[in-house]
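K.L.:
Letter by letter, the chains look like this.
Number of protein chains: 4
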Amino acid sequence: MKILPKPPFFETSVKNYIYGDAVLEYAMAVDAAAAKYDIDAIFIAPYTEIRRICDQTRRLMVFAPYMDTLRPGRGMTDILPEAVKAAGAIGVLVNHCERPMSLTQIKKTIERANELDLITFACADSVAEAKAIAQFHPDIINPEPTELIGTHEASGMEYVRETLKAIKDLYPDILVEQAAGITKSSQIYDFIMAGNDGAGSASGILKAADPYALLDAMVQSVRKAKDDLKIKKDRRDSHEDCP
Amino acid sequence: MKILPKPPFFETSVKNYIYGDAVLEYAMAVDAAAAKYDIDAIFIAPYTEIRRICDQTRRLMVFAPYMDTLRPGRGMTDILPEAVKAAGAIGVLVNHCERPMSLTQIKKTIERANELDLITFACADSVAEAKAIAQFHPDIINPEPTELIGTHEASGMEYVRETLKAIKDLYPDILVEQAAGITKSSQIYDFIMAGNDGAGSASGILKAADPYALLDAMVQSVRKAKDDLKIKKDRRDSHEDCP
Amino acid sequence: MKILPKPPFFETSVKNYIYGDAVLEYAMAVDAAAAKYDIDAIFIAPYTEIRRICDQTRRLMVFAPYMDTLRPGRGMTDILPEAVKAAGAIGVLVNHCERPMSLTQIKKTIERANELDLITFACADSVAEAKAIAQFHPDIINPEPTELIGTHEASGMEYVRETLKAIKDLYPDILVEQAAGITKSSQIYDFIMAGNDGAGSASGILKAADPYALLDAMVQSVRKAKDDLKIKKDRRDSHEDCP
Amino acid sequence: MKILPKPPFFETSVKNYIYGDAVLEYAMAVDAAAAKYDIDAIFIAPYTEIRRICDQTRRLMVFAPYMDTLRPGRGMTDILPEAVKAAGAIGVLVNHCERPMSLTQIKKTIERANELDLITFACADSVAEAKAIAQFHPDIINPEPTELIGTHEASGMEYVRETLKAIKDLYPDILVEQAAGITKSSQIYDFIMAGNDGAGSASGILKAADPYALLDAMVQSVRKAKDDLKIKKDRRDSHEDCP
Chain A
58 MKILPKPPFF ETSVKNYIYG DAVLEYAMAV DAAAAKYDID AIFIAPYTEI
108 RRICDQTRRL MVFAPYMDTL RPGRGMTDIL PEAVKAAGAI GVLVNHCERP
158 MSLTQIKKTI ERANELDLIT FACADSVAEA KAIAQFHPDI INPEPTELIG
208 THEASGMEYV RETLKAIKDL YPDILVEQAA GITKSSQIYD FIMAGNDGAG
258 SASGILKAAD PYALLDAMVQ SVRKAKDDLK IKKDRRDSHE DCP
Chain B
58 MKILPKPPFF ETSVKNYIYG DAVLEYAMAV DAAAAKYDID AIFIAPYTEI
108 RRICDQTRRL MVFAPYMDTL RPGRGMTDIL PEAVKAAGAI GVLVNHCERP
158 MSLTQIKKTI ERANELDLIT FACADSVAEA KAIAQFHPDI INPEPTELIG
208 THEASGMEYV RETLKAIKDL YPDILVEQAA GITKSSQIYD FIMAGNDGAG
258 SASGILKAAD PYALLDAMVQ SVRKAKDDLK IKKDRRDSHE DCP
Chain C
58 MKILPKPPFF ETSVKNYIYG DAVLEYAMAV DAAAAKYDID AIFIAPYTEI
108 RRICDQTRRL MVFAPYMDTL RPGRGMTDIL PEAVKAAGAI GVLVNHCERP
158 MSLTQIKKTI ERANELDLIT FACADSVAEA KAIAQFHPDI INPEPTELIG
208 THEASGMEYV RETLKAIKDL YPDILVEQAA GITKSSQIYD FIMAGNDGAG
258 SASGILKAAD PYALLDAMVQ SVRKAKDDLK IKKDRRDSHE DCP
Chain D
58 MKILPKPPFF ETSVKNYIYG DAVLEYAMAV DAAAAKYDID AIFIAPYTEI
108 RRICDQTRRL MVFAPYMDTL RPGRGMTDIL PEAVKAAGAI GVLVNHCERP
158 MSLTQIKKTI ERANELDLIT FACADSVAEA KAIAQFHPDI INPEPTELIG
208 THEASGMEYV RETLKAIKDL YPDILVEQAA GITKSSQIYD FIMAGNDGAG
258 SASGILKAAD PYALLDAMVQ SVRKAKDDLK IKKDRRDSHE DCP
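Chains A, B, C and D supply the protein sequences, listed in that same order. Offset between the first sequence (1-based) and my numbering: plus 57. Offset between the second sequence (1-based) and my numbering: plus 57. Offset between the third sequence (1-based) and my numbering: plus 57. Offset between the fourth sequence (1-based) and my numbering: plus 57.
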């Protein structure tokens, strides 16, 4: 059975900015921050590091960046879903903008992942794409606002609200995460407060002057947003109790 | 500095026939056979298993099944050469028939591998392809005789001799390995005796009734061929000494 | 301004079953049948035949089987939208199952076609795909029921009604055409009567014993369905007038 | 039977810089220049213009920019070799840098073209690629000196001589054409005088201030080089006659 990350969650990856032991070191720092603030954290790891990270961390939810849909057998260079799972991954990215998929491939990848109880984390590039990909009911959608590149923050929040509503209108149980262009912990806080289930950053952290300090601040922001949302909810609930 | 496998060598892989712990178990058996018969063995491992196999074997020469040519940075789903090397791989397949490359990509992959001292193992599909790919001077060429599918053994040996000669005429230092369609240890012996630097089998072993017995017999055949070639050479040398 | 085919319409193509003069001959027969029964007919033509067919037919709506999204400039082997339009095509296929597109490519192709007033005819492979592709608002959707291969007619009609409803619920102005597996003129009649805006056949006609007779019968079926739908509507209207 | 262009020949294309009637107009100008200077000229035309150009020119050797290798049958979006030939093309580009092919695809495309007597015009990106592609024995090789971008003319001539020698050493009957970065008629003259069988330009002409004047000057340069080579040869022959 799949156990989805508990919202609000944090997500990060290393892409190929770092490799080898540096990936493990970063993964352990994310694991430590997740434990410190009691927040679920998704870590998308290069294939070669998945197993070691799974072995040496305790709380991380390790995802593969892609998988093929073949079944055990031939396929010298393909990424076998069973291999990704056996290495310890519990989820997989679908349709990352650097590896775009056809509709049929998206459908098959999500079906294959469901078969193995792998969590599906699908990327979309615009409002229309977010609505399109939601039809296949992945577990998480990350509507990367490519449309927004070069625009200011206000329209950013508008895009965020529009994609969030479009997805939840269709399937309220799909988790929505924002991750594009995040470089500050305050953005993490704002996105969670706006109703997103998760927020994350990859290059924003890895290219920062002090990546570990920023990582800690970002995970702390998820925690703070979680607490503030609870306070708001409690207040609302107590008001509702008033006659 | 690259240290190439010492001919005659053995080569195997699991493609995606098995995954997870079964890959490690098989790799350890290949490692044991390589030690037992004192033969170099190349093991092409799925990305997710490279590091663990490198950590838990002693003699295996572990290769990745493919790599991209990007440099550290972006590339969520790409296979970074530095990542493959950091995981312990010392070589990489180039142009496997299931992942055919353009000429430019072949050239770049070999250059990128050379930069990191990764051994390049290139596949070719016909005599013309073997001659074409030899122009880029990979370390090893595996001229998979796709042309031969459905034909009998005799023409098989003719193809083997033709590709071997074509490659060695161009670059005598390129190692030539035969691997396609090998299901018996006697074929391993015959190919080595015919002058090839290596021979191998993947599905031939994994689909056998007793894979571990066949694996042992195949590596033993490499050893026997090596010894018999030495005897032949010694005899020839001693004859040459005769006045 | 785009002028869409007037429902119910007929659609056919030759894929690569025939080429050269045979394509022109077939196109002229479709043109003649369209005129005879006063039915709009879409003809998807190989690139090399688009101009000649446009020059020598009068009623056909000629579509290209694919186009790239580049703008005039480089691109030796790309299909330039402006070139397709200059040759006389008034529409283009999007996401044919033999050339599946990523979501981003679907979006861009539709936007580029709209810019040039080219009608977009998008293919989908399942109910979920039909709903996904409808998000990008193509002019026509052909939900090829790949899911149905090997199943009987009844579930075929169920699939047809499900995709039709799903698409019209989202955008009532998207035209829906059924084309997969049609080999008899009665199927054309049934699909139109079921509410589809169009129906068509390619290999079903070209592989028939007498392609020209079948072509004529199919276009006649579109006409008959159109007339019968009108009679039904008139009756309904007159009933509504009754107090 | 294939009739290859008679060296020295001229070659040009429009890529996608222009489309529709402008392509025909340009093709007719190339045809006129070819007639005026009695020089064979290859014209690589967009698929949609092949037939019309073949119909309306007399001397041009029209080539397609790419073709697939499928046989008549399915293939909605594929370029059928028979269709390209039926439209009037007598040759086809292979492995253009904007549509790089695998070794297997290069081999199959050349075999398929030979089957239909279509002339094969293969592109290569470096000396090693030129030698590699020569193994498949295309009729013409265009070794685009991508390596030279940003370098000066002298090394340009060195690259030209190296690729020319490498190809002719392997197969003296392969025609060698230079085309990359040519913007002046004097370059056309120099490349022919250096021993190349052909020379050409596409964007160099189309982006010029006066394309038609430059086109005329370039074809005239081929003629002048042809005449000057003949004078040199005649002198050499008469000297050889001297005792």
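Hints are computed from structural coordinates only; laboratory data are not their basis. Even for Gly, the Cβ is constructed at its ideal location relative to N, Cα and C. Just so you know, not all the hints are guaranteed correct.
[As the list claims (entries may be wrong)] Output of the computed footprint for chain D on chain C, the stretches with three or more beta carbons under 8 Å from beta carbons of chain D:
1. 62-75
2. 105-115
3. 283-290
[What the hints assert, rightly or not] Straight-line C-alpha distance at most 30 Å; calculated BS3-like pairs for lysine-lysine:
4. K225(B) with K264(D)
5. K165(A) with K289(C)
6. K222(D) with K222(B)
7. K264(A) with K222(B)
8. K222(A) with K287(C)
9. K59(B) with K264(D)
10. K225(A) with K241(C)
11. K165(B) with K165(D)
12. K241(A) with K225(A)
13. K165(A) with K225(C)
14. K165(B) with K283(D)
15. K264(D) with K165(C)
16. K222(A) with K225(C)
17. K264(D) with K222(B)
K.L.:
Can you give the numbers of the hints that this structure goes against, from lowest to highest?
P.N.:
3, 4, 5, 7, 8, 9, 10, 14 and 17
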